[in-house]
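J.: Chains V and X supply the protein sequences, listed in that same order. Using the numbering used here, the final residue of the first sequence is 666, and nothing's skipped along the way. Using the numbering used here, the final residue of the second sequence is 975, and nothing's skipped along the way.
For the record, the hints were derived by calculation from the structure and aren't laboratory data. Incorrect hints may have been included.
Some chain X residues close to chain V (C-beta under 8 Å, calculated; not the full set) [stated by the list, open to error]:
id, residue
1, D865
2, L867
3, A906
4, F909
5, E912
6, E915
7, L917
8, L924
9, E927
10, Y928
Sample of chain X residues lacking proximity to chain V, with all beta carbon distances greater than 10 Å (derived) [claimed, not checked]:
id, residue
11, W737
12, R767
13, I816
14, P911
15, D956
16, P958
17, L967
Note that CB positions come from ideal geometry on N, CA and C, so glycine has one too.
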Amino acid sequence: MSFLAVWALAGLALVAVPLAIHFRRRRSGRRVAFPALRYLRQAGDATARSLRTRDLLLLAVRVALLTVLVAAAAGPLIGRGGVADHGPSDVAIVIDNSGSTGRIAGDVTVLDGLIERARATLTAGRIEDRFWIVPAVGPPLTTAAVVARAAAALERVERTDGAGDLRAAVERIAAALPSEPGRHREIQLLSDWQRTAFAPAGASDTSDGESARSSLVDFDLTVYRPDLSPSDNVAVRSLTLSQGAMAPAGIPQTVFFELSSSPERPASDPSNPSSDESEPPDLPVRLRVDGRTVGATRVSRSGRGAVRLPELPPGPHYGRLEIEPRGLRADDARFFALMTPLPRPVLHAGPADGFVRVALETLRGAGRIGRLDRVDSMGDPRALVLLEATRGVRAADLGSQVVLVPPADPVDLPAFNQFLRELQVEWRARPDTMRGDLWLAAGAGDVPGLAETRILRRYRLEGLTAADSVWLQTGDGEPWLVQTRRDNRTLVLLASPLVVSASTLPASPAMLPFVERILLRASEADGRQSLEVEAGQSLSVPSWVDSVGALGEAMRRLEGGAPLRLLRAGLYELRGEGRRVFVAVNVPPTESELATIGAEELEELFPGANVTIAGPGERAWERGIYRDRRGVDVVPWLILAAIVLAVTESGLATPRRASRGRQRSN
Amino acid sequence: MNQAVKSGLPRRADLADPRSLTEMGNLELVARGAVEGFLMGLHRSPHRGFSVEFAENRPYSAGDDFRFIDWKVLARSDRLFIRQFEAETNVKAHVVLDVSRSMDWASDRGRYPSKLEYGRLLASTLSLLLIRQGDAAGLRTFDDRLRLQIRARGSESHWRRLTDALTAIRPGEETDAGKALRDLAGHLGSRGLVVLISDLLVDGSGTRRALRLLRHEGHEVLTFHIMDPGERDLPSAGEAIFFDPETGEELATNSAALRHEYRDAVTSAIDEWRRDSLAIGAEYTLLTTDSPLGTALARFLRTRRQGRR
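When you get a sec, could you build the whole thing from the sequences and use the hints?
T.: Structure follows, in structure tokens:
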């Protein structure tokens, strides 16, 4: 039992008032002359006992009345109160709005059910409470808001097709919630318990993670457990273009794809209602490009397949591979965008028998780069220039796209640096002493086999600025492949010569795709960004882009160069300066895995926190939230008791009605 | 127009509010007015003519009782005459007035006269009525013993003497009605009518024994029990200390809580007085100080008529 205003209990001293009156009135009072005192005495003798009893009863009622009124003023709270009977609380509501919550459960989506529970939290909120609305995908919608603002923010929670990291979200908001005396902190996590949402791929413990988890100690974390039946889901898990998204026009392309089934189950499972014996073992798959169906095939639920792309004209294209709707809708199709540029001729200055020259000729023979007879000189705007040697080349004669490979002999470095100076760039290549071999790190995974390349020798690149972008680094963090744009010219610079004494790359299978990639990069044909991103991930928008929009929908203005976060799967179009490019946004493969996490496993994810699992249903949820319950407010009952006591006191203190009635009849 | 009416008294002073009568101050005038008003009303009432002595005839008028038509005159003259009778004139009446301190009390002096004022007016009025009817009237007052004693006479000048004596009466001390009435019984000679006017806040058993003695000696006894309305129904004084002005006794109580029981006690006492009076052959009449004098006079005449039969 506790009191809202315990100081009000001092009012119990008022109980002394009726006691004093009761005992004092016997010794004082008005004197009234009354000759018929004998009759009064007779009447008093007849009723003395009942009067004494009534007086004592009256005294008891008055004392009780005062006690009840004082108690009501003190605001007693008894036992564990209802959901609204809680102390001032700071409540963070973390809502899983990832792609998996977009599936239908009953008549609504899982997300709608979670939002409904969050509304119950806000409905039980008090004026002194503060709320944080934190979607798993996307920025917080409101912080330290009162109920009304939080309710408005809650209505802005929208379904995404991205993947959330609920553990990280909880840890971040736990660190952000202020710690103030007298205020209870509580995190409410509303999720579909998708296993991958709690332990997403690539998540790793860091020092920051340790710090965030330490802030969870003694935190109240209430996790809602929805009533979800196992969901049968088939997704287009991956899609690969055989020649990549930037294959020049005329190169035959094949779309390779893989389906995944969740949960994994045997082909014939009688316990699973969705396991239909009559269901055909293969699922129909359609391929649509530029709005037309261009191919179809059938594969098993978790099978792989391939569909050949027809020859596409030069320019940007878009498409999707789709299956029949099943389970989660967003992953029933996988989108892709591709660019089919005209093959560009590449002018090469360097050893005629070098690896680079061989690679270029191979690419030219395959039609991936253009023929040399199409250009006149290195200054031709249609040509790409790849320089392994700068002797005899005038910087002023170069075109707009140049790839620079440093000399194999360090003796030629001063001339190379002088050439860089003539190109109006601050880059300089300096001899460097490496401790053992190094591996290529960041970005190396973009080119098959490049991550296995060992760097044996390199120059240290100096003079890099913030405007320069580093595409590849060595394992010690030094830049190895950088790119910049100066005076309408794109320059790409390597830190190692492409010779076998400098790296294993020239002799490796990665050489050919690597050369093709740096040429594309220099020509900006790859747009400096991937043409496919996962929903929820940031996309670095090229500076020429000024508007963005889903395909077939209205475009909206966009600040070029700003990061763009697209939350729904689909095809988007970027426009600007008369150019356009398509971007495919797909559901992260982890969102298609609908397996759920176990309760014990979930609790272990939040060490130190007081984890309460509540649900399913609103009642169970309300029992689990607002852990700082104050007890039942009994003031209304005390007021009712006070009214009853007041009426009783009035009846005892005034002449009885029946007595008056008899007097009238007499 | 008689003197009483000229003085501002109401035409029927016997029916007037007692408080307004006592406020006029002149006891003689008020008593006379009350009696004249009462007799005027009596002329038209069935109470007229309780005596058996024939006096004269008068012409019949509408409303007269057929029983008193003189049939002989009708047979002789073929005209209707009513036979009128005269009252007896040889009764000695002794008005005995309680003047103890308890009589000098009124619950609300703005609305009611004190019991003593009312008793004084009643005594004067009865005396005049008796004398008007040819009887003799005397006066005794008492508190703890007999105080004033005026023998019975039948003249109006004697009545004025009685009235003067009544006017001069002051409240006495404690009451001992039994002793006073026993003393009275020793002083009275021939049989007569004893009219006791008292609030009966007295020693009940002693008083009853004295009344029985008076009856035993052949006197008619008529008791007027005077009560203040505030004594019949306990006033709402709330929590207070009540004290008897006569004895000084005190009782602290809440009048509101005792009203029902108090009324029961008063009713029981009245019933006891009425029952005991009946048992000894005495008449008992309860009057409250807000009762018009006419009520008392009517009760008196009815009692007298019943006594003669």
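J.: Hint by hint, work out which the structure violates, then give me just those numbers in ascending order.
T.: 12, 14
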